[in-house]
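K.L.:
Note that the protein sequences, when read in sequence, are chains A and B.
Just so we're aligned: 287 in my numbering is position 287 of the first sequence, and the numbers increase by one with no gaps anywhere.
Just so we're aligned: 452 in my numbering is position 71 of the second sequence, and the numbers increase by one with no gaps anywhere.
Hints listed in this document are in silico derivations from the structure and should not be mistaken for laboratory results.
Only a predicted model underlies this, so the values are computations on that prediction, with no experimental measurement involved.
Think about it this way: if two alpha-carbon atoms lie no more than 30 Å apart in a straight line, the pair counts; the simulated BS3-like pairs of lysine-lysine are:
id, chain 1, residue 1, chain 2, residue 2
1, B, LYS455, A, LYS337
2, A, LYS14, B, LYS455
3, B, LYS449, A, LYS11
4, A, LYS55, B, LYS455
5, A, LYS183, A, LYS337
6, B, LYS472, A, LYS113
7, B, LYS472, A, LYS107
8, B, LYS398, A, LYS307
9, A, LYS14, B, LYS449
10, A, LYS307, A, LYS107
11, A, LYS31, A, LYS337
12, A, LYS113, A, LYS307
13, A, LYS298, B, LYS398
14, B, LYS455, A, LYS11
15, B, LYS449, A, LYS55
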Amino acid sequence: MKYAEEFRDPKAAKGLLAQIATVIDEIGATKEKPVHIMEICGGHTHAIFRYGLDKLTPEGLEFIHGPGCPVCVLPMSRVDECVELAERPEVIFTTFGDAMRVPGTQKSLLQAKADGADIRMVYSPLDALELARRNPDREVVFFGLGFETTTPSTALSIQQAAAEDLTNFSVFCNHITVPPPIKVLLDDPHMILDGFVGPGHVSMVIGVEPYRFIARDYGKPIVVAGFEPIDLLQSVLMVLEQIRDGRAEVENQYSRVVPDEGNPVSIAACEDVYEARPTFEWRGLGEIDSSGLRIRGKYARYDAEEKFGVGYGKGLTRFIPEPEGCACGDVMTGRLKPRQCPQFGTGCTPEMPLGALMVSSEGACAAYYQYGGVEELEAAE
Amino acid sequence: MCLGIPGQIVEISSAEKKLAIADVSGVRREVNVACIAGDGPVDDLIGAWALIHVGFAMSRINEEEAAKTMEVLKMLGEAQEEIEAMRESQKMMEQAS
Ligand code: SF4
Numbered sequence: 001m002k003y004a005e006e007f008r009d010p011k012a013a014k015g016l017l018a019q020i021a022t023v024i025d026e027i028g029a030t031k032e033k034p035v036h037i038m039e040i041c042g043g044h045t046h047a048i049f050r051y052g053l054d055k056l057t058p059e060g061l062e063f064i065h066g067p068g069c070p071v072c073v074l075p076m077s078r079v080d081e082c083v084e085l086a087e088r089p090e091v092i093f094t095t096f097g098d099a100m101r102v103p104g105t106q107k108s109l110l111q112a113k114a115d116g117a118d119i120r121m122v123y124s125p126l127d128a129l130e131l132a133r134r135n136p137d138r139e140v141v142f143f144g145l146g147f148e149t150t151t152p153s154t155a156l157s158i159q160q161a162a163a164e165d166l167t168n169f170s171v172f173c174n175h176i177t178v179p180p181p182i183k184v185l186l187d188d189p190h191m192i193l194d195g196f197v198g199p200g201h202v203s204m205v206i207g208v209e210p211y212r213f214i215a216r217d218y219g220k221p222i223v224v225a226g227f228e229p230i231d232l233l234q235s236v237l238m239v240l241e242q243i244r245d246g247r248a249e250v251e252n253q254y255s256r257v258v259p260d261e262g263n264p265v266s267i268a269a270c271e272d273v274y275e276a277r278p279t280f281e282w283r284g285l286g287e288i289d290s291s292g293l294r295i296r297g298k299y300a301r302y303d304a305e306e307k308f309g310v311g312y313g314k315g316l317t318r319f320i321p322e323p324e325g326c327a328c329g330d331v332m333t334g335r336l337k338p339r340q341c342p343q344f345g346t347g348c349t350p351e352m353p354l355g356a357l358m359v360s361s362e363g364a365c366a367a368y369y370q371y372g373g374v375e376e377l378e379a380a381e
Numbered sequence: 382m383c384l385g386i387p388g389q390i391v392e393i394s395s396a397e398k399k400l401a402i403a404d405v406s407g408v409r410r411e412v413n414v415a416c417i418a419g420d421g422p423v424d425d426l427i428g429a430w431a432l433i434h435v436g437f438a439m440s441r442i443n444e445e446e447a448a449k450t451m452e453v454l455k456m457l458g459e460a461q462e463e464i465e466a467m468r469e470s471q472k473m474m475e476q477a478s
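Just chain A, same shape as in the assembly:
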C-alpha cells in the first residue's frame, strides 16, 4: 500500500478498500474477468493515478478512463481555427493556459504566440471582458473551452458583454457536454462498461438528472463522486454494490456539494445563451450528435464564428486524421492502455505531446506518465 499513508484518513481508506475487495469477490470478478468501471472526468483520472487507486484496488476491478478532459478531446481542426483567429492582426486571442500546447495540424497556440500572434493566457473570461474594455480598438476573442463546469461562466460573460453593449468582444465557442459521448460509448458494441463514476463538478451545475438514461436505458449504475480519494473509493464501492445487487440507479455520493437539481442560475444562463450544435467533432471519438454548444442567434455579435467567418460550415474539409502512430482514439475509448501506444514516452511526452491526452494533467496519458507509467513500461521491457 505504497500511497495509502498519504490519505487524510488512512483508516477509512483501508476500510473501504477491504469492502471493495469483498464485493469484488461476491461479484466473482477476477483479473481475467474484471469489472470495468469508467471514471468519466479527467480530474478523477488524475486523482486515481496520483493516489495510486488503480494499484490499491483489487485486480478484479479495472478503471477505464473516460473522455472527460476538454483539452484532450479538442479536435485539430478547432486548434487550427484558433490559430487562424489569433493570427488576425486586429485580434487579441485569450485562452486558458491548458489549451496552449494542444497540437494543431500546423502549430499549437504556443507556437503561434512565438510566431508573433497576440495570444494572452487568462484565468477567467472576466479578464477577457476587461481586456476588451481597455482595448476598444482591438477585437478580443475568448476561447470558450470546457464541459458544463465552465459553460456557465462563458454564458454569464456574454450576457455581461451584451448588458454593457461591448462591440469588440466575442467567444470562439467550444463548449461541450458530458452525456452525449457517454451514450456513444454505451452504444459501441466493443466497449465493456459495467458502471460509471460520474463527474462531481459537472453535476454541481446540471444536477444528476441528465445521467438518468445511463441507468434507465442501459441498465448501468452511475454514482456522482467527489474528488477526495475517499470519495472515489466510496463511489466505486457504491457502483460495485449496485452491480452485485443487480441494481442500476443514479446515486449521488457528493451531495455535500452537488444538489440533485444542479445550479438554477447557471442552467438559466446556459439556456439563454447556447443551443446544441447538430454535431461536434471530438478528438479520438469523431463527430457526436448534439454534443457541442453554439451561441444562439440573438447573441450572434458575440459569436467569433459568425463575426470572423471561421468554424463549422465556414472552412473547407473538417475532419483531420490523428498524427501517424498515435493511438489516442483507442486510449480514449479504453481499448488500449496509454503505455500500449507505440509513441508513449518516446515520440509523445508531456514536454512534446503528439496526442492531446498527453497535454493536460487530466489526460490519461499524462497521468500515466507522471505517476509511474514510464517505470512500468521500462520494467516490462
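Since the structure of chain A is provided, determine the placement of chain B with the ligand on it from the hints.
P.N.:
For chain B with the ligand alone, coordinates are given in the frame of chain A:
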C-alpha cells in the same frame, strides 16, 4: 480549469454586477457570484466559502469542505497551477493597462 478552487468571499465589489473579491490562499481576485447569490442581499455572502471555477463562484461550501478540497488540489498540483494562472492573468492585465 475543471476542478476549481475554494475561496472565501471577503468583499463585495459590485452588487449590481454580482462581483466580489475572493481570497484564494492569500491571493485576492475578483469573482462573479451570480450563481451563489440567491435572492438575499449580496452582502450576506461576505465570509462565505465557495468553489470557484475560472473566476465564477459555482457552489457554496463550508469551511471544512474548503480545507479538505484545498488539500487534495495541492496534492494533485492543481491548486498551485490555478493560483499561478490567477497571478499570471493579473500580471498580464496590469501590463495591458
Ligand atoms: S501516448 Fe501520446 S500519441 Fe499515444 S495515445 Fe497517448 S497522447 Fe496519444
